[in-house]
Each structure stands twice: as C-alpha cells, then as structure tokens.
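Asks: In case you want the letters, here they are:
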Amino acid sequence: MKCKVCREHALVEVRRHNAAFCRDHFVKHIHDQVARTIKDFAMFTPEDRLLVAVSGGKDSLALWDVLLDLGYDATGFYLGLGIGGYSDRSKDAAVAFADTKGAKLIVRTLAEEHGYTVPELSRLTGRVPCSGCGLNKRYEFNRAALEEGFDILVTGHNLDDEVATLFGNVLHWNTDMLGRQAPVLQERVIGRETVLVKKVKPLVRVAERESAAYALLKGIDYIVEECPMVEGNTQHRYKEALTMLEEASPGTKQQMYFGFLKKAAPKFTEGTGDAEVVACAECGAPTIAREGQEPRCSFCSTKALALRRKEEKR
Amino acid sequence: MATTLVAMKVKLRNPDRIVDVSGPKNVAALLAELEIVPEAVLVIRDSTLLTKDEAVSEKDEIEVRPVLSGGAR
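Residue numbers (this note's numbering), protein chains in the order written: chain A, 199 to 512; chain B, 422 to 494.
Keep in mind the hints are simulated off the structure, nothing from the lab. Incorrect hints may have been included.
[Stated by the list, open to error] Which bits of chain A does chain B cover? Going by a derived footprint, with three or more residues having C-beta under 8 Å, they are:
id: 1; stretch: 199-212
id: 2; stretch: 421-430
[To be verified] Pairs of lysine-lysine residues, derived as DSBU-like cross-links and limited to a Cα-Cα distance of at most 35 Å, are as follows:
id: 3; chain 1: B; residue 1: K473; chain 2: A; residue 2: K226
id: 4; chain 1: A; residue 1: K202; chain 2: B; residue 2: K430
id: 5; chain 1: A; residue 1: K299; chain 2: A; residue 2: K416
[As the list claims (entries may be wrong)] If we take Cβ atoms under 7 Å as the criterion, some of the chain B residues that face chain A in the derived model are:
id: 6; residue: R434
id: 7; residue: V458
id: 8; residue: E460
id: 9; residue: A461
id: 10; residue: L463
id: 11; residue: T472
id: 12; residue: D474
id: 13; residue: V488
All C-beta atoms in this analysis are idealised placements derived from N, C-alpha and C, irrespective of residue type, glycine included.
The shape of chain A in the complex, shown without the other chains:
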C-alpha cells in the first residue's frame, strides 16, 4: 500500500477516508483533523490555558501530544482512581509522557481528595464502578480546572466514544442526553461564579484505531491494558457492534455522529434548559432545584453516602 500524499510505503490505512499514509503524513493527517475540529467548533485559541484530562491511555496522551505539537498551552491533569496496579501503571505512563515532552502535569488522587477509591466507592454505594468513576472524574476535572485557573477543560473522547454514547442514548431514547451530546459544552455561570468550565473534545473526528496508531507511531508509551473493572461494560459492547458495521461499511461511525450533530441534535436541545439550575449548598456545583429540599449535587450526595457507610463499617 502507498501513501496517498507521497506514494512512499504506507503504514496506516484509513478506509473511511479511502486513504493510506506513511508515518509522517499520518501524523500530519491527525494534526490536521484535530486543528480542523478546534476551528470548526470554535473550541479555543492559542491564548487560552488548557487543562487536558489524561488517563495514561492512548487517546488522552495522543491528544495532549497533538496540542503541544500545535503550539497550545496545554497542562495535563491525572486523577488517581485507586484501581490497584492498573492505576499505578497508568499514572507512570502519564508522568513518563510529561517528562519526555517537558510538559506540566498536575496529579491528584480520589483517596487524598475525598477519602475513597473507585472500587471502594462501588462497594459502599452499590453503584456500577464505571458510573461512580465517571461521576467522580467529571467532578474532579472541573474542580481542578476552576481551582487552578484554566480556561478550558479538554478531554480525549474520540469518534468511537461519541458514536457509542450516541448509539446508547438512541437505544434508550434518552432525549435529555441527546440534547446535551456535543463536542463543546459551554461554560456555566451561576450569579457571578463560573461553576462549570468550558469543556471540549478535539478528538471527535479521530477514530479510536487512528489515535492508537498515532500514539504508536509517535513512540508514546501508553497503557495498553484495560481497566480491570470494565468487564461487561455496555459502552464496550456498543463499540464492538459499531466496529462490525464500520468494517462492512467504512464511514458508518462518522456518518452517524456528524449526521446527528448536523441534522438531529438541534431537535433535542429544546426544553433541555427548562429545569432551574442552582448551586449545590455544599460545594457550589450546579444541580437541579428540587422543591422543599436543600440543593445537593449528585457528587456530594454520593460522597456523603459512601463516607457514612464507611464510618458505619468501622
């Protein structure tokens, strides 16, 4: 196979673009895809301070690498989840990458910040591990960005992530979530306080296979092993099903996601802003007002339940 650009020996085929690339032109292709996404969705500018949530996996490290290559002011943020050796190894990958690039990495752990790990949280609250993990990551990423004075929170969600989420939301006709699924979530202000920092996903035009190929060809030593708590995860099943469709008909994922953004997403945004959003009485994060109750966000409710049960078990 030959590179579409220079006709040299190709290393990566991208069937949905009917193209193959040599190393250098594949790297350029990914840079161009990310740069186009940042511009098309007005994500940020070189003047903005970016906080990139990094897990040690291929997507977040590849994204951080691209942003640094493109000259953005991008600091990494790693959150230790306390999932045994898996968390230790994923942290090592993030730290090693930051060292290699001479980039700044902020490290926090759930245990130090809140007194529990993801496996503990699941045992104490009965929540599915991925659900408690997702809630805590979203909360901590936002809190870190606000506390450390960043303008934008950047996450490594790729095309496969977004399509799998969309597929799940359609399967369950989760219309509220369909109304909120977008590559950019704008900053949220209550009174004069910014409570949610602007959140963006510059990898939505890059498939998971492409971010893995980018990481490998750039020599990024990412963590290949899967999280041990992910077994039987629905998102993973959706990805497998969608990848079968993509194999048979290249471009399916891109068509579904970008078709949704263009043709369907606006139909689901109506009414999504109707509920009254107020600040959580404990931490100030936005939450939905409930009559006769003190406002408390789902993070604070879950944390309180976990810590109460942990105390009871002593």
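Dock chain B against chain A, hints included.
Replies: Positioned in the frame of chain A, the structure of chain B alone reads:
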C-alpha cells in the same frame, strides 16, 4: 516445490498471550484466521504498523493490539 508451513508467534493482548499461526501469509489472512475484525486492532512488527496487504512469516514477532477501550469516559 513444497512450501514449508512454520508456525509464527503472534502476541495478543488483554490478557497477554501468545498464539501459533501458520505462515507465511498476509495480515488480512492472519486476522481472518484469528477471527479478529481488522478495524478493532493494530498489527505491529518491530514497533511499527502493518497494513492488511503486508506479508508476515515465522521470522516475525507480531503483536495484534486491540484499540477499543470501554468504561467511564
């Protein structure tokens, strides 16, 4: 002239294991034999990538690395 079929060692991940596959053959045939969807993996030799038309043989150390990850994103 008869072709000698020698098994090549192919590393699979999550969990890590080595399987024997007869060679030589191209990457597309290798993945078909392992019943792996090509879009779900990278095929790696000497720290670089192979497209589906590349030939692989018993001399090669091949890794088939999954690219789909799950969990809370």
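Asks: Does the interface hint hold: is T472(B) within less than 7 Å of chain A, judged Cβ to Cβ?
Replies: Constraint on T472(B) satisfied, holds at 4 Å.
Asks: Confirm or reject the coverage of the stretch 421-430 of chain A by chain B under the rule of 3 or more residues with a beta carbon closer than 8 Å to the chain's beta carbons.
Replies: holds (count 6)
Asks: Hint D474(B) vs chain A: min CB-CB distance below 7 Å?
Replies: This hint holds: D474(B) lies near chain A, its Cβ roughly 6 Å from the closest one there, short of 7 Å.
Asks: Per the coverage rule (Cβ-Cβ under 8 Å, at least three residues), is the stretch 199-212 of chain A covered by chain B?
Replies: With 5 residues close enough to chain B, the hint holds.
Asks: Going straight from one Cα to the other, do K299(A) and K416(A) come out at no more than 35 Å?
Replies: The hint holds at about 12 Å.
Asks: Tell me if E460(B) is really an interface residue toward chain A, meaning its C-beta lies closer than 7 Å to one of theirs.
Replies: Holds: closest Cβ of chain A sits about 5 Å from E460(B), inside 7 Å.
Asks: Taken at face value, is the distance from the CA of K226(A) to the CA of K473(B) at most 35 Å?
Replies: holds, 22 Å
Asks: What's the verdict on K202(A) and K430(B), does the C-alpha distance respect the 35 Å limit or exceed it?
Replies: holds, 32 Å
Asks: Hint check: is the beta carbon of V458(B) less than 7 Å from a beta carbon of chain A?
Replies: holds, 5 Å
Asks: Hint validation: R434(B) versus chain A, beta carbon distance must be below 7 Å. Holds or violated?
Replies: Nearest chain A Cβ about 6 Å off; hint holds.
Asks: Return the status of the interface hint for V488(B): holds when the least beta-carbon distance to chain A is below 7 Å, violated otherwise.
Replies: Where the cut-off is 7 Å and the nearest Cβ of chain A is about 4 Å from V488(B), the hint holds.
Asks: With a cut-off of 7 Å, does the beta carbon of L463(B) approach a beta carbon of chain A closely enough for the hint to hold?
Replies: holds, 6 Å
No hint from the list above goes unmet by this structure.
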